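Undergrad: Given next are the chains, with one letter for each unit.
2 protein chains.
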Amino acid sequence: MSVDTQQAPPRLDTDELRTLDAHWRAANYLAVGQIYLMANPLLTEPLRPEHVKPRLLGHWGTSPGLNLVYTHLNRVIKARDLNALCVWGPGHGGPAVLANSWLEGSYSETYPDVTRDAAGMARLFKQFSFPGGVPSHVAPETPGSIHEGGELGYALSHAYGAALDNPDLLVACVIGDGEAETGPLAASWHSNKFLDPVHDGAVLPILHLNGYKIANPAVLARLPEPELDELLRGYGHDPIQVTGDDPDAVHHTLAEAFDTALDRIAALQRAAREEGATERPRWPVIVLRTPKGWTGPAEVDGLPVAGTWRAHQVPLAAVRDNPEHLRELEAWLRSYRPEELFDADGRPRPDVLACVPDGTRRLGATPHANGGLLLRDLPLPDLDTYAVPVDKPGATRHEPTRVLGDLLQDVMAATAGRRDFRLVGPDETASNRLQAVYEATGKAWQARTLQVDEHLDRHGRVMEILSEHTCQGWLEGYLLTGRHGLFSCYEAFAHIVDSMVNQHIKWLRVTRRLPWRAPIASLNYLLTSHVWRQDHNGFSHQDPGFVDHILNKSPEAVRVYFPPDANTLLSVADHALRSRDYVNVVVAGKQPCFDWITMDQARVHCARGAGVWEWAGTEDGTREPDVVLACAGDVPTQEVLAAAQLLRRHLPDLAVRVVNVVDIARLMPAGEHPHGMSDFEYDGLFTTDKPVVFAYHGYPWLIHRLAYRRTGHRHLHVRGYKEIGTTTTPFDMVVRNDLDRYRLVMDVIDRVPGLAVRAAGVRQRMEDARLRHHDWIRTHGTDLPEVADWFWGG
Amino acid sequence: MSVDTQQAPPRLDTDELRTLDAHWRAANYLAVGQIYLMANPLLTEPLRPEHVKPRLLGHWGTSPGLNLVYTHLNRVIKARDLNALCVWGPGHGGPAVLANSWLEGSYSETYPDVTRDAAGMARLFKQFSFPGGVPSHVAPETPGSIHEGGELGYALSHAYGAALDNPDLLVACVIGDGEAETGPLAASWHSNKFLDPVHDGAVLPILHLNGYKIANPAVLARLPEPELDELLRGYGHDPIQVTGDDPDAVHHTLAEAFDTALDRIAALQRAAREEGATERPRWPVIVLRTPKGWTGPAEVDGLPVAGTWRAHQVPLAAVRDNPEHLRELEAWLRSYRPEELFDADGRPRPDVLACVPDGTRRLGATPHANGGLLLRDLPLPDLDTYAVPVDKPGATRHEPTRVLGDLLQDVMAATAGRRDFRLVGPDETASNRLQAVYEATGKAWQARTLQVDEHLDRHGRVMEILSEHTCQGWLEGYLLTGRHGLFSCYEAFAHIVDSMVNQHIKWLRVTRRLPWRAPIASLNYLLTSHVWRQDHNGFSHQDPGFVDHILNKSPEAVRVYFPPDANTLLSVADHALRSRDYVNVVVAGKQPCFDWITMDQARVHCARGAGVWEWAGTEDGTREPDVVLACAGDVPTQEVLAAAQLLRRHLPDLAVRVVNVVDIARLMPAGEHPHGMSDFEYDGLFTTDKPVVFAYHGYPWLIHRLAYRRTGHRHLHVRGYKEIGTTTTPFDMVVRNDLDRYRLVMDVIDRVPGLAVRAAGVRQRMEDARLRHHDWIRTHGTDLPEVADWFWGG
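If you read the protein sequences in the order shown, they are chains A and B.
Under the numbering used here, think of the first position of the first sequence as 14, with each following residue one higher.
Under the numbering used here, think of the first position of the second sequence as 14, with each following residue one higher.
Bear in mind the hints are in silico, worked out from the structure with no lab data behind them.
Don't take every hint at face value.
As the list claims (entries may be wrong) - Straight-line alpha carbon distances no greater than 20 Å define the calculated SDA-like cross-link-like pairs of lysine to any residue that follow:
no.: 1; chain 1: B; residue 1: 735; chain 2: A; residue 2: 526
no.: 2; chain 1: A; residue 1: 735; chain 2: B; residue 2: 567
no.: 3; chain 1: B; residue 1: 139; chain 2: A; residue 2: 739
no.: 4; chain 1: B; residue 1: 735; chain 2: A; residue 2: 688
no.: 5; chain 1: A; residue 1: 735; chain 2: B; residue 2: 227
no.: 6; chain 1: B; residue 1: 139; chain 2: A; residue 2: 279
no.: 7; chain 1: B; residue 1: 735; chain 2: A; residue 2: 525
no.: 8; chain 1: B; residue 1: 735; chain 2: A; residue 2: 145
no.: 9; chain 1: B; residue 1: 139; chain 2: B; residue 2: 53
no.: 10; chain 1: A; residue 1: 91; chain 2: A; residue 2: 275
no.: 11; chain 1: B; residue 1: 139; chain 2: A; residue 2: 787
no.: 12; chain 1: B; residue 1: 405; chain 2: B; residue 2: 611
Unchecked claim - Stretches of chain B that chain A covers, calculated by requiring three or more beta carbons in the stretch to come under 8 Å of a beta carbon on chain A:
no.: 13; stretch: 188-199
no.: 14; stretch: 440-451
no.: 15; stretch: 791-798
Predicted model, so just to flag it, every value in this text is computed and none were measured.
Quick reminder that beta carbons are idealized off the backbone N, C-alpha and C, glycines included.
Using the sequences and the hints, build the whole thing.
TA: Written as structure tokens, this is what we have:
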């Protein structure tokens, strides 16, 4: 489909064209006003330098295009009574979306001090990119937004996430030609192979080619039109091209394009829902080519601006100092004929608002963009159903993630009707041993299937694509629109979404301070296939640093858990799935792991976040420990318990305390993290003066960074992953990183005063055991039987 | 172009077909052998369980396809005397590439103990995925590789990076259909808009659709063929389809496809180089559809395996325990007729090696894959030419990155003939104020140009695309093939490539231990537009955590610098551009910044990495300091110097030492980082018992994590970015994060014994100054003149 301004028949009647254009002009006026003005918003007097902000920080380039799309979305929402949400991808789109929200009234409803009149307009203008005001990007503060326009790449995956399980929702998504160059955006075009036309809503991508990024042409804007057309068809879309720089002509063709697209979407949904069509739909995409900075100054200081990269930011940069610039700014503002758009009190005139829909149909007022309003508690079953029985610690083994899989299966089953829970992951659900979920639902898949395929399901709620970015974007969009989910991911490759989760945490940090934003379900990561059991995948798959990254972020929004066995994983997962407005990172193994504590004990232990395991040490209530063996993580816990056993055998009179830490933020001071322990608690657990040998799952310095303020910190000795990795056996991985039981015993001997001489023989035995292991694996390729078959509580 | 097995005329003569197939069978045999066998490599006796490895850890699925491509690349390299490199993208491709390297002899030349005979074959088999052996992925240890196959997504951008400025090189690039789903890979298809057919070599992507990832069908493999064809045409390529599961037929069609592709590449290069063609070439791409695990077991335990996702890993999993599996493995191995392929001594027979090229034409022996061999020192000019004059500290200001831009311009000019230096960045070269480089070269661009464009250049060596992933991939490929470069990036968005730089550092860590790998140029980041001057972009653009991420990695390979002014930036950049085998992160501002020290002082200061700035404190050689004000980063340095000035004015008898840290790893213990200071040096700088108020550029706990072992650590008080960000003024950013001069003075007063009472009035004055600033910016939108116009050394 190509709708060209030259050939298209007029579709709008004169009135509609006039009112649409009035709305667009009003939005453009308000966008320019936000960038420039701090007084005289209606230009009731000639523009003077002191009306202009001293720092001009906005970006005009993208605004007219976004205003045009908002205006035309208004038209079709109203005409068709659509339930719609729009994801505004382009960077620095703030002025445009704020302008439209103010026009439609949703802004004043959200922020009552910014009234829809001259006083409010003055506030709207001044606050923009001003201290104490609002950002230049579409942001959490923006009504109707689920997407921050600052870091580019995630608009389309957010849009798909929003559309999932919202069959009546239209999610429009404006993609800038800059953002379109990013990897995450490029990958997310294929999301249409996962969108169920029966249970999911529609996504209408609007690729806005205004031609330029910051200082360069955009790649897609410089493709010959047929080549871009092939690309979009190759992505599985049916492109509708709208090109032009004459406002009236573009109004006509864009209106027609929207009508064509929405008719097509309706037909595709009808076919799938009523006629049983199963062929993957070829959804429409609108390609909108209009000039960057359209309607702004054509030339400034003799250089072309509108339609070029020079329109990206502030076209007239010296307004306060250069009278010519000031004159041009006033002319530019007056070119929108504000007196026709706003009455004397600054209220938008009826013509301007003719296209605006009512109530929650307005894009700035849809509850889908404030998903917490729609959120229902997840129906979580009783954990005892899934708990593994533990008669004594360490007598049996289970694969923790497989046990969790049983729970997730029932959550999937319980939400089969509600459809508000999804599991995402880069093709690793089964590899991470969560495959029980396939008993309750399949893997979303709309592409071709073959007989050998398993668990593919056009209506499935497990989402697998080999793109961590797309998984993350889908899940964020899903959560932000009021649903629940879990992202299961190889630990090392969670770093792929470091920057995305950054932005999500920043979003949460801001929304937690906005009273009108209702809390949303937490973003839950299950990091399995972790560093200690990537012995077969090797060095590239070994990286436990995602939690370091997370713990740099706003403490109020981040939680990190290291459940040491199956029951603790159940307890932690249950907590994470009930929580709101957090990013929860749960690190848990998929390999068989000793069952240490009962479900009841696990509940208490996880609630406390850290505690003494009396049964593992020598605690008898009569004496202080000589040493504390602390652990966080499943493999470190196993090694600490093995070390405790060795100490009991070889140094039976040593008083050993074992402390297990599930919730790593407990180590932080109470003033630095909501979960932080008081010094009183910390000292009670770890003592202030005894050596603490801490076996930690990740990079050892994280523990120091969390605990450096504690009185006993100088006695803290941490073992962890030292970036020494390779393809080897599981036990060799811990040996190479000095996290093994033998090394831990040696650490105790080296640190407990007086033990060095007395236990020199034991220390030598430990050294020997390490060497014996080293020699064995090089011949046999497996761990020594005494390690592989080691049992703690048999 | 569609080359179909049904219609293609045979192109290979019988001999050629026989020898190609022999080579392919030999490679397949060797791949299976690596996965399974630890003895009896030639099957000279019946296969017994003890010949089989106890842990079966390889991945068969991708191997036959890679072997096929290697075999056919051999053919065309030899036939056309090509200078070729291949990037092997698919995960777990190790067995295939190792098999081929062993066959062609490059493996034994690299690792003389793995001889090209039965003994060597036994070693080759056993070492694979075995403790002390080699990884399952194509890895740094693999001859001929510049690309680790573990984390997927970067194959194509690596290939383009290798091809840049290598006009005679053909870079083949095998892209798995799993990897093709990732964002970085999806974005990198557009690299062809940046490849100069005159000065760059050719990239031949080979999209290998074997249909499955781990447990799922791959998206691209399930597109209807015409849709995939449109996608690839939309990417600007000319696809050549090869589909089949009959070996002879596929040999014929793949040979024809390679010939077609290479003829086309030669024609395009000729047109551009000899005939002056300037139209962007439509380069070929080969789409190879063959079954996953092809030639492996068709069925195992009654379930289909070859051609399905079940062939991904180890098709026969219970060989040591299940006699039927053992029998099937032996039959599978013998199906390649090893006795025809290897002589009695295990040496490949002449037929097998007929297609193998000679010497450095072999893919495993090309020096381009061991780029350090080709590396030449960069012609770096004398820094004094660019140094800013400093008569006294803090009397003038410069934009540090702009000064660096002048240096880079001359490096660009000096390498105009050699073409071995590139600058990459996501459309930010000018935004980061490095635009002087455009005097020496332009921005690489092969797409359409318009009259308003500036600095676009079909032969340019600045590479800008709005994809940090693609920038990083290009630069890595460029460096790995023996050239130099710099990546300039907004600080916050460096996190986008967290995971990529992880893999590059892991690569360096391994190659540094491989004697046959020659050192390559360091990967240099210039992080500018940093957290403290993202006041206008707001919270989403404020994140200084990339250095935290980097400092978790192998200390031997990572360096982080915070030059505080223009001359120190010159010195650091010079050092970084001369260095080898590092990842250097340089954090430096682009905004006007005081010039603190002369070029000569900067050289000394940067070489030491940290030092006392006597002129900034009260040092007179007669007394110990009462307090140490330390700083790292340009904005913290300014605030510390302003605080020192305030202290001099208000508390003139206080002895203040100012320490500036450029090389942050200097704070680490000498045993933990090669740049780490001895305790002696550290204590000399920071004292062991005086309060240290440390103003740091990033997250404050990083400093604690580096310095926690120091004697004086308990007196260390760090200010930095606390994840409190917004759109505001520059000074308000430091105030909100308690890094401002007034807060630093208050910190000193709070920490120097006896000062709290004596200086209560001064402390109050500081509080008042903060409040006055707060009120001012809310009215004026700019920093208070006393802050904005503050001058230190006037």
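Undergrad: If a hint holds in the structure, say so; if it doesn't, say that too.
TA: Hint-by-hint comparison with the structure:
{"no.": "1", "hint": "735/B x 526/A", "in the structure": "holds, 17 Å"}
{"no.": "2", "hint": "735/A x 567/B", "in the structure": "holds, 8 Å"}
{"no.": "3", "hint": "139/B x 739/A", "in the structure": "holds, 16 Å"}
{"no.": "4", "hint": "735/B x 688/A", "in the structure": "holds, 18 Å"}
{"no.": "5", "hint": "735/A x 227/B", "in the structure": "violated, 29 Å"}
{"no.": "6", "hint": "139/B x 279/A", "in the structure": "violated, 60 Å"}
{"no.": "7", "hint": "735/B x 525/A", "in the structure": "holds, 17 Å"}
{"no.": "8", "hint": "735/B x 145/A", "in the structure": "holds, 18 Å"}
{"no.": "9", "hint": "139/B x 53/B", "in the structure": "holds, 11 Å"}
{"no.": "10", "hint": "91/A x 275/A", "in the structure": "holds, 13 Å"}
{"no.": "11", "hint": "139/B x 787/A", "in the structure": "holds, 17 Å"}
{"no.": "12", "hint": "405/B x 611/B", "in the structure": "holds, 9 Å"}
{"no.": "13", "hint": "188-199", "in the structure": "holds (count 8)"}
{"no.": "14", "hint": "440-451", "in the structure": "holds (count 5)"}
{"no.": "15", "hint": "791-798", "in the structure": "holds (count 4)"}
Violated hints, in rising order: 5, 6; the structure is consistent with all others.
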